[in-house]
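K.L.:
Letter by letter, the chains look like this.
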Amino acid sequence: MLVSLRKYLALLCGLLLAAPAVVDAEASVHGEYEVKAAFLYNFAKFIDWPPLDDAQFTVCVFGRDPFGRALDPIEGKTVGGKTVAVRRLERAAAMDLKTCRILFIATSEEAQVAHILELSRGSPMLTVGDTDGFARQGVMINFYLEQEKVRFEINPRAAAEVGIRPSAKLLQLGRIVDTAKN
Amino acid sequence: MRAAISMIGARCRLAAQLSGGLMAIFSSLACADQSDALTELSMEELLGVQVYAASRFQQKTTEAPAAVTIITAADIRDFGYRTLADVLRSVRGIHLSYDRNYTYLGVRGFGRTGDYNGRVLLLVDGHRLNDPIYDTAAIGTEFPLDLDIVERVEVVRGPGSSVYGSNAFFGIVNVITRRGRDVAGVELAASVASFGTDQERLTWGGQGENGAEWLLSATRYRSAGQDHFYPEFGATANDLDRDHYDSLFGKLGLGPWTLTAAWTDRSKKIPTAAWDTVFNDPNHETNDASAYVDLAYSGPVRGGWELAGRVFYGHYSFDGDYPYIYSPGDPVTVNKDRVRASWWGGEVKLMRRYQQHTLVLGAEYQDNAQQDQANFDAAPYALYLDDRRTSTRGGVYLQDEMALASGWLLNAGLRYDDYSAVGSTLNPRLGLIWNPQPATTFKLLYGTAFRAPNAYELYYAVDPQKANPDVKPEKIRSYELVAEHSIAPDFRVGLSIYHNHIDDLVEQVVDPDDGLLVFRNSGAAEATGVEVEAERMWNGGRRLRASYAWQHAVDAVSDERLVNSPRHLLKFNYSAPLFASGWRGGTELLYTDDRATLAGGTAAGYWLANMTVVHERLVKNLIVSMSAYNLFNADYAFPGGPEHIHESGAALDQIPADGRSYRFKLQYRF
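Protein sequences, first through last, are from chains Y and G. With the working numbering applied, the first sequence corresponds to residues 808 to 989, in that order. With the working numbering applied, the second sequence corresponds to residues 800 to 1469, in that order.
These are calculated hints, taken from the structure and not from any lab test. Using N, Cα and C, we set each Cβ at its ideal position, and we do this for glycine too. A hint or two may mislead.
A short, non-exhaustive set of chain Y residues, derived as facing chain G with CB atoms under 10 Å [said to hold, decoys possible]:
1) Tyr815
2) Ala817
3) Glu953
4) Val957
5) Phe959
Ranges of calculated distance between the beta carbons of each label pair, as one might list FRET restraints [stated by the list, open to error]:
6) G:Val985 - Y:Gln863: 20 to 30 Å
7) G:Gln1155 - Y:Arg813: 54 to 64 Å
8) G:Glu999 - Y:Pro857: 55 to 65 Å
9) G:Trp1143 - Y:Gly970: 47 to 57 Å
10) Y:Glu925 - G:Leu1106: 22 to 32 Å
11) Y:Asp903 - G:Tyr1112: 30 to 40 Å
12) G:Arg1276 - Y:Leu978: 46 to 56 Å
13) Y:Pro857 - G:Pro1227: 48 to 58 Å
14) G:Arg1360 - Y:Glu925: 54 to 64 Å
Far from chain G, by Cβ distances over 10 Å, these chain Y residues were calculated [stated by the list, open to error]:
15) Glu841
16) Pro858
17) Arg871
18) Met902
19) Glu960
20) Glu968
21) Ala987
Bound-form chain Y, shown alone (with noise of 0.2 Å):
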């Protein structure tokens, strides 16, 4: 038994000293929030934005950052001639989310969504989020899991009401969901 263990937990080092070499190998499996990061980036490019005058392209995390460095990827890369920089947001104050062109809301957020939906109300931005019901509150997009692949909602009402539209093609690869009535 003993004897057996010791065996076992040699075989254990070995796969978890085997396992860093490999992961670059694995290369069809990446974090779920790499992928999501390249998704932001597409988004960027399917959207039919108004005319904005920033100099950079921002894209805002608010909350509890889920992507840690999987964001850095896009950093530096352009959307319409101008370069993609990343915020990390500490408050949801007008004045903060006025730069920003995509925001992603995070799950900590939950409860005070629609407290950030509104403040974001008066510039032309992307609201992104990954928590169930998000899109219904009013985020235009919402990212869920379905048989481990990255998918997404989207609500074209929400979208249309800050004046900036989807591309078809957005509209055909995801989910069309509209804002709840209350």
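Chain Y is fixed; fit chain G onto it per the hints.
P.N.:
Chain G alone, transformed into the frame defined by chain Y:
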């Protein structure tokens, strides 16, 4: 699509080769832009990329007024779980026993032998499975679902009666089934395993143009079982471990409506001569069959309220065949237990957010239209019990979650239940949740819960057991402190410290007046414990979950350690991709400490190791999985219940567990 992704892989490997002369670290740096390449993919390509979901780390569970563990379909696949019991065994603070008929749950040091998990509420998509005769939460092969159609299992620790009523005593296990649109096609699965075991499954799921969604699944399971030597009888029980079941599950969803139907029929031979029966007699067998239909609604209604409601019908039947030799020299007489129960009911729950409040109002009603128990000898016919009952139960509850000052949340709930048979009970729950910073959560929890005595405890009367319709609900008071911290979004650690006090515990005792066994509210118990847990995921798909529980549970009357209560539980689950092969390996190492047995002995502590390797892309649409269970072939045993202590003096207080076994499984998707 797949080509696009393997191109990233090829580019990455090329980079690794170019830096071949350098240290390994350079090749990993060269590959670091692999996620960069993700941003080059089109949206259609991104939709096809497989990810390792971080859903277990969702904020939601940190706001729940309890310590919650979630086991996903990915865990079920990676660790080769076969039954709900396999799933629960990996959850912190839970230990199991199997007496070669049913599987019994122990939670936080409390694992009463001889009860059928009635102190845990078992739900499937929110539908209650505990039946109104034995309160059984079936977690072994008698559980109605094949684990392949399970999306995730949520284990909520602590008293839940303030919302869920009876049985939510130590915790709630909610099993969520897969959605039809996730199956999107036909799946065929077949497995062969040691001890003459095979299992087949056919599932069809999909979603129509109009949004209608369906899932239909059928499973057949046959196992010859393992023959064990029973030193108490000085012999091996031959061919008496057979376990068979068939099950059907169907779900149809349209808009806010979901109609579910489930059926399972399971029969098991008994090798342990339980209930003082004749050892090694092939007549000893039990059959459990259960079925239900459930129509649920979930959606918004007027005024900002969310409504969730359901109506349901359930049926349960039990047939037990017990071979006896009444006096020496007599032939074997088969005594039969027969249970028939049917019930229907409904529940409604209204939720709304209002400024700082999230209000939940709910009501539940159940009519147990049939609670019949009978006992008789088949031939010559002799009737010993023919008890027919009906009863009702109802409950109303209210819960409010208040966002107090920044970072503070107060969750308060209260539920009133009334049972036509045993009276009423009121159960509160209070939870104070504090997030001093986004990554850290503290929860201070207090609650009470109850379990109403079931029809078996109230009315079963076959010599040497008598009925006692005066048994009252048993109660638990629970105090808990939970601390959770995310070191990184994919690295979480947690700590729980709890104290449980149980009063009016329903236990079977001998009435000194007539020497008959009877259920009474005579027991009391206390349990104190500490649990620590860490969970981590890495990019690329490595996952680790490890926990340790220290638990001290004593009889509050005698101050003695409870039977079937391990002091230490250690659990370790790790899964990772195996080299560049596309195989994924999962292994678990579980330690259960010594447990005292009913006859005053000790079931020795043991290490259990299981290992599974799985490949999902060997051939398109084919999943191959190979598992080894009890890898060390550890020779261990579980404490048995009172039905294993014989009048003859043979005390089968330790039931041998399965030795090493293997399973080979294929799943094909059309």
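K.L.:
Each hint should be assessed against the structure and marked as holding or not.
P.N.:
Tested hints:
Residue-level restraint check for Y:Tyr815 holds (minimum Cβ-Cβ distance to chain G is 5 Å; threshold 10 Å). Interface hint at Y:Ala817: violated, since its Cβ lies 13 Å from the closest Cβ of chain G, which is beyond the 10 Å cut-off. For Y:Glu953, the suggested interface contact is upheld, since its CB lies about 6 Å from the closest CB of chain G, less than 10 Å. The restraint placing Y:Val957 at the interface with chain G holds, with a minimum CB-CB distance near 6 Å, inside the 10 Å limit.
Annotation: Y:Phe959 was flagged as interfacial toward chain G, and the flag holds, the nearest CB pair being 9 Å apart, inside 10 Å. A beta carbon spacing of about 50 Å between G:Val985 and Y:Gln863 contradicts the range 20 to 30 Å that was offered as a hint. Taking the beta carbon of each, G:Gln1155 and Y:Arg813 are about 56 Å apart, inside 54 to 64 Å as hinted. Separation of G:Glu999 from Y:Pro857 is about 58 Å and conforms to the stated range, judged on CB atoms against 55 to 65 Å.
Judged by the Cβ atoms, the range 47 to 57 Å given for G:Trp1143 and Y:Gly970 holds: they are separated by roughly 53 Å. Between Y:Glu925 and G:Leu1106 the beta carbon distance is about 25 Å. The supplied range of 22 to 32 Å therefore holds. A beta carbon spacing of about 54 Å between Y:Asp903 and G:Tyr1112 contradicts the range 30 to 40 Å that was offered as a hint. In this structure the supplied range 46 to 56 Å holds for G:Arg1276 paired with Y:Leu978, their Cβ-Cβ distance being about 54 Å.
Checked against the hint of 48 to 58 Å, the C-beta distance between Y:Pro857 and G:Pro1227 comes to roughly 54 Å, which is consistent with it. In this structure the supplied range 54 to 64 Å holds for G:Arg1360 paired with Y:Glu925, their Cβ-Cβ distance being about 58 Å. Separation of Y:Glu841 from chain G is inadequate, the least Cβ-Cβ distance of about 4 Å not exceeding the 10 Å criterion. The Cβ of Y:Pro858 lies farther than 10 Å from every Cβ of chain G, with a closest approach of about 24 Å, so its non-interface assignment holds.
The beta carbon of Y:Arg871 is not kept farther than 10 Å from every beta carbon of chain G, the shortest such distance being approximately 4 Å. Distance check for Y:Met902 against chain G: the nearest CB is about 19 Å away, which clears 10 Å, and the non-interface claim stands. Remark: the non-interface label on Y:Glu960 is consistent with the geometry, its nearest Cβ contact in chain G lying 13 Å away (cut-off 10 Å). Every CB of chain G lies more than 10 Å from the CB of Y:Glu968, the least distance being 19 Å, so the non-interface label holds.
With a least CB separation of 5 Å from chain G, Y:Ala987 falls inside the 10 Å interface cut-off, contrary to its annotation.
Of the hints listed earlier, those the structure fails to meet are numbers 2, 6, 11, 15, 17 and 21, in rising order.
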